[in-house]
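So the protein sequences, as listed, match chains H and S. Numbering of the first sequence is given in the numbering used here, commencing with residue 1 and proceeding in unit increments. Numbering of the second sequence is given in the numbering used here, commencing with residue 1 and proceeding in unit increments.
Note that these hints are calculated values from the structure, not bench results. C-beta atoms are modelled at their ideal positions from N, C-alpha and C, and glycine is treated no differently. Incorrect hints may have been included.
Stated by the list, open to error - Okay, derived cross-link-like pairs now, DSSO-like style, lysine-lysine, Cα gap no bigger than 30 Å in a straight line:
| no. | chain 1 | residue 1 | chain 2 | residue 2 |
| --- | --- | --- | --- | --- |
| 1 | H | Lys54 | H | Lys71 |
| 2 | S | Lys57 | S | Lys14 |
| 3 | H | Lys54 | H | Lys68 |
| 4 | S | Lys14 | H | Lys5 |
| 5 | S | Lys71 | H | Lys71 |
| 6 | H | Lys54 | H | Lys5 |
| 7 | S | Lys57 | H | Lys5 |
| 8 | H | Lys5 | H | Lys56 |
| 9 | S | Lys9 | S | Lys57 |
| 10 | H | Lys37 | H | Lys54 |
| 11 | H | Lys37 | S | Lys57 |
| 12 | S | Lys71 | H | Lys37 |
| 13 | H | Lys56 | H | Lys71 |
| 14 | S | Lys57 | S | Lys71 |
| 15 | H | Lys37 | H | Lys5 |
Stated by the list, open to error - So, partial list: chain H residues that the calculated Cβ filter (under 7 Å) puts toward chain S:
| no. | residue |
| --- | --- |
| 16 | Asp31 |
| 17 | Glu42 |
| 18 | Pro44 |
| 19 | Phe65 |
| 20 | Thr93 |
| 21 | Asn96 |
| 22 | Gly101 |
| 23 | Gly103 |
| 24 | Ala107 |
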Amino acid sequence: DQQVKQNSPSLSVQEGRISILNCDYTNSMFDYFLWYKKYPAEGPTFLISISSIKDKNEDGRFTVFLNKSAKHLSLHIVPSQPGDSAVYFCAATQSNKLIFGTGTLLAVQP
Amino acid sequence: NAGVTQTPKFQVLKTGQSMTLQCAQDMNHNSMYWYRQDPGMGLRLIYYSASEGTTDKGEVPNGYNVSRLNKREFSLRLESAAPSQTSVYFCASSEWGLVAGFSYNEQFFGPGTRLTVL
């Protein structure tokens with residue numbers, strides 16, 4: 001039973017446009033969420049996070065939104081750049097573990 | 001700081017062979033983790049060690065064993081490899097804790113080991 005879901009396996013956007021990556025979760029006890037970025041042949045790297053008392057967290061071109069009532073979070077990248085092309089994983093903290101989604105492959109076209 | 005290192009980077013095994021994947025971190029983290037990544041499956045936790053001297057099963061522990069050798073090192077062993085264990089394996093470490101009442105757990109990952117079992 002997948003507790004963290006990323007329903008879009010892939011997304012393609014034009015350079016300069018906004019990329020929106022979505023993530024849904026089922027466990028209302030999750031209180032901290034993270035986004036990781038992964039390039040091919042490398043390990044995932046931390047991108048941005050949000051706690052459940054916030055509905056938005058911004059870091060440069062990256063903004064994460066959290067809608068607790070819908071159990072939904074999204075990552076916005078504005079403007080998108082070709083170097084953003086990677087797999088993005090959302091994750092939720094469960095005690096001392098992370099529960100990961102299945103990932104979304106973002107392709108930013110020049 | 002090297003962060004999290006893993007050896008080997010690539011490995012090909014025959015069914016039934018055994019091997020150990022090595023992981024070390026230099027960030028003085030208490031917690032360490034082993035994941036596998038398969039297409040369409042995301043990152044699935046195999047085993048973790050919340051602190052030196054403890055290990056616990058994750059989501060997919062069957063066919064694996066782990067050893068937390070010391071605070072720095074956490075190894076993953078396949079006793080009798082099977083084709084279903086063909087995957088990319090990632091080790092991670094973190095300093096898990098409560099921050100302002102929230103379960104903060106930013107994990108740092110190694111570069112991965114690509115394992116093929118024939």
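| field | Proposed proximity, Lys71(H) with Lys54(H) (alpha carbon, max 30 Å) | value | OK: Lys54(H) and Lys71(H) at ~13 Å, within 30 Å.
| said: Lys37(H) and Lys57(S) were given as a pair; does the straight-line alpha-carbon distance stay at or below 30 Å? | reply: Holds. Lys37(H) to Lys57(S) sits at ~25 Å (cutoff 30 Å).
| task | Let me know if the C-beta of Asp31(H) comes in closer than 7 Å to any C-beta of chain S, holds or violated. | result | holds (5 Å)
| Between Lys57(S) and Lys71(S), is the straight-line Cα distance small enough, at 30 Å or below? | Holds, at roughly 18 Å.
| query | Are Phe65(H) and chain S close enough, Cβ to Cβ, to be under 7 Å, as the hint says? | reply | violated (17 Å)
| If you take the shortest Cβ to Cβ gap from Asn96(H) to chain S, is it below 7 Å? | holds (4 Å)
| request: Verify the proposed pairing of Lys57(S) with Lys5(H), using a straight-line Cα cut of 30 Å. | output: Distance ~22 Å between Lys57(S) and Lys5(H) Cα, so the pair holds.
| Between Lys56(H) and Lys71(H), does the CA-CA distance stay at or below 30 Å? | Holds, because 14 Å separates the two Cα atoms, which is no more than 30 Å.
| query | Given the hinted pair Lys71(S) and Lys37(H), is their alpha-carbon gap at most 30 Å? | reply | Roughly 27 Å between the alpha carbons, so the hint for Lys71(S) and Lys37(H) holds.
| query | Lys37(H) and Lys5(H): Cα distance at most 30 Å? | reply | holds (16 Å)
| Would the hint on Gly101(H) stand, with a C-beta cut-off of 7 Å toward chain S? | Because about 6 Å separates Gly101(H) from the closest Cβ in chain S, which is inside the 7 Å limit, the hint holds.
| request: Using Cβ atoms only, decide whether Gly103(H) comes closer than 7 Å to chain S, and label the hint accordingly. | output: holds (5 Å)
In this structure, the earlier hints numbered 4, 5, 19 and 24 are contradicted, and the remaining ones agree with it.
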